[in-house]
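Asks: Protein sequence lines, in the order shown, are assigned to chains A and B. What the first sequence shows, in the numbering used here, is residues 1 to 116, in sequence order. What the second sequence shows, in the numbering used here, is residues 1001 to 1114, in sequence order.
Check before you lean on any hint, since a few could be wrong.
Straight-line alpha carbon distances no greater than 27 Å define the calculated BS3-like cross-link-like pairs of lysine-lysine that follow [as the list claims (entries may be wrong)]:
{"no.": "1", "chain 1": "B", "residue 1": "LYS1101", "chain 2": "A", "residue 2": "LYS78"}
{"no.": "2", "chain 1": "B", "residue 1": "LYS1101", "chain 2": "A", "residue 2": "LYS40"}
{"no.": "3", "chain 1": "A", "residue 1": "LYS62", "chain 2": "A", "residue 2": "LYS11"}
{"no.": "4", "chain 1": "A", "residue 1": "LYS62", "chain 2": "B", "residue 2": "LYS1069"}
{"no.": "5", "chain 1": "A", "residue 1": "LYS78", "chain 2": "B", "residue 2": "LYS1003"}
FRET-style restraints, in silico, Cβ to Cβ [unchecked claim]:
{"no.": "6", "chain 1": "B", "residue 1": "ASP1067", "chain 2": "A", "residue 2": "GLU83", "range": "41 to 49 Å"}
{"no.": "7", "chain 1": "A", "residue 1": "PRO81", "chain 2": "B", "residue 2": "MET1010", "range": "35 to 43 Å"}
{"no.": "8", "chain 1": "A", "residue 1": "GLN17", "chain 2": "B", "residue 2": "SER1028", "range": "40 to 48 Å"}
With the Cβ distance kept under 8 Å, some of the chain B side facing chain A (calculated, not the full set) [stated by the list, open to error]:
{"no.": "9", "residue": "TYR1046"}
{"no.": "10", "residue": "ILE1103"}
{"no.": "11", "residue": "LEU1109"}
By construction, these hints were calculated from the structure, which means they are not laboratory data. Computed from a prediction, not measured in an experiment: that's the story for all the values here. Beta carbons are placed, not taken as given, at the ideal position from N, Cα and C, and that holds for glycine.
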Amino acid sequence: DARVTQTPRDKVTEMGQEVTMRCQPILGHNTVFWYRQTMKQGLELLAYFRNRAPLDDSGMPKDRFSAEMPDATLATLKIQPSEPRDSAVYFCASGLAQGAGTGELFFGEGSRLTVL
Amino acid sequence: DAKTTQPNSMESNEEEPVHLPCNHSTISGTDYIHWYRQLPSQGPEYVIHGLTSNVNNRMASLAIAEDRKSSTLILHRATLRDAAVYYCILSPLFYGGATNKLIFGTGTLLAVQP
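Same shape as in the complex, but just chain B (with noise of 0.2 Å):
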């Protein structure tokens, strides 16, 4: 499985932009970069995935470099339930017999400032 490299810890003040980096200079062709976050006492949950082209939804915005070896994950403004431990994973697609599987590293513990 491809491994991610992602910062510790990371801190921003709320209402501000925040950029997660996310390194992966050995993915495949067929990994989508996934995001999820997981709150205090909570299971993760999906923030947002994608392969090649940046992707916008309602949570987040997820940038990637042209030559994929890197990702960045955008939250626009930052509020106080963003904080979170955010985790950058590489997955192939489901293809024939294979399936989802997600390998969580250790993420970046994002903490925001009121």
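Only chain A is shown next, with the shape it has when bound in the complex (with noise of 0.2 Å):
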């Protein structure tokens, strides 16, 4: 079964440290997404990719986080430096845009981060 693949699956940090998530997509997907999940906001999205290239990061911390994607079988999520209120599960998320298609998104099973 193709999957996709985050690590850590739970991390627990103090505030100040940087943070690197990372996720594999499926092999041959050409979108990647990043969410955040948190009680209080729900999903959400805080980046994507399409070939590689960030298509909108508009719902990220910019001061704080980045996210690449060195290759097309690797997504970073970077926080540095971590605060308390980063603390939330991260899913990243992929799927293949061709044509005029829709794509159905298949997420990992997510890295819960707790900062301290």
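Can you join these two chains into the complex? Each is in its own frame, and there are hints to help.
Replies: Pasting the structure below:
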């Protein structure tokens, strides 16, 4: 079964530390999305890429968050420095955008981040 | 982005059909209606999507009103495993440079009683 793989599954860190979350999209997919989920805000779209190019990162706090796709098999979301309010579950999703299709998104199992 | 309105929660009994409503009165002509669900402690998973005609797949059916201002996700026989948050989302077609970004609302929490 093809699936989106996220690491780490769980991360506990102290305020001020750098955190990097990684995502391996499904092979052949050309769109990658980063979402954050908290009880208060629900699922928020942070950033997304198409063919490795960032299309929109307006949902991300620019001063501390950065998202990249070094290659087609890896997407990263970095927080530096981390703050307690960044505690959340971060989901990566990938999909295939082609022609005029809509594309189903496949989500990973998430990375649970706790910032103390 | 066009918005959707869903009830906060619904209850169903096991092995009975469930009809989950979604209102989207400001839907545009290029908006697809997507349904995703999120089981406890998991990422969202795709359920079904449609544009104008009703759609069926192995998981569910999607009934779309003729004016497209509302839709209903139908689970034909609810099981305990169907207990989840169900999200109804509008998103335009992939078209040219556009991308199918999904903006999630609060969804409907479905409880299934044995």
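Asks: Would you mind marking each hint as holding or not holding in the structure?
Replies: Checked hints:
A threshold of 27 Å between alpha carbons decides the hint, and for LYS1101 of chain B with LYS78 of chain A the separation of about 21 Å falls inside it, so the pair holds. Our distance criterion of 27 Å between C-alpha atoms is met by LYS1101 of chain B and LYS40 of chain A, whose separation comes to about 21 Å. The straight-line distance between the Cα atoms of LYS62 of chain A and LYS11 of chain A is roughly 22 Å, inside the 27 Å bound, and the hint therefore holds. Restraint check for LYS62 of chain A and LYS1069 of chain B: the C-alpha separation of about 36 Å exceeds 27 Å, so the hint is violated.
At roughly 30 Å between alpha-carbon atoms, LYS78 of chain A and LYS1003 of chain B are farther apart than 27 Å, so this suggested pair is violated. At roughly 46 Å, the beta carbons of ASP1067 of chain B and GLU83 of chain A sit within the given window of 41 to 49 Å. Roughly 42 Å separates the CB atoms of PRO81 of chain A and MET1010 of chain B, a value that falls within the hinted 35 to 43 Å. At roughly 44 Å, the beta carbons of GLN17 of chain A and SER1028 of chain B sit within the given window of 40 to 48 Å.
Taking 8 Å as the C-beta cut-off, the interface hint given for TYR1046 of chain B holds, the closest approach to chain A being about 4 Å. A hinted interface residue such as ILE1103 of chain B counts as satisfied when its beta carbon comes closer than 8 Å to some beta carbon of chain A; here the least separation is about 6 Å, so the hint holds. This hint is violated: LEU1109 of chain B has a C-beta 12 Å from the nearest C-beta of chain A, more than the 8 Å allowed.
In summary, the numbered hints that this structure violates are 4, 5 and 11.
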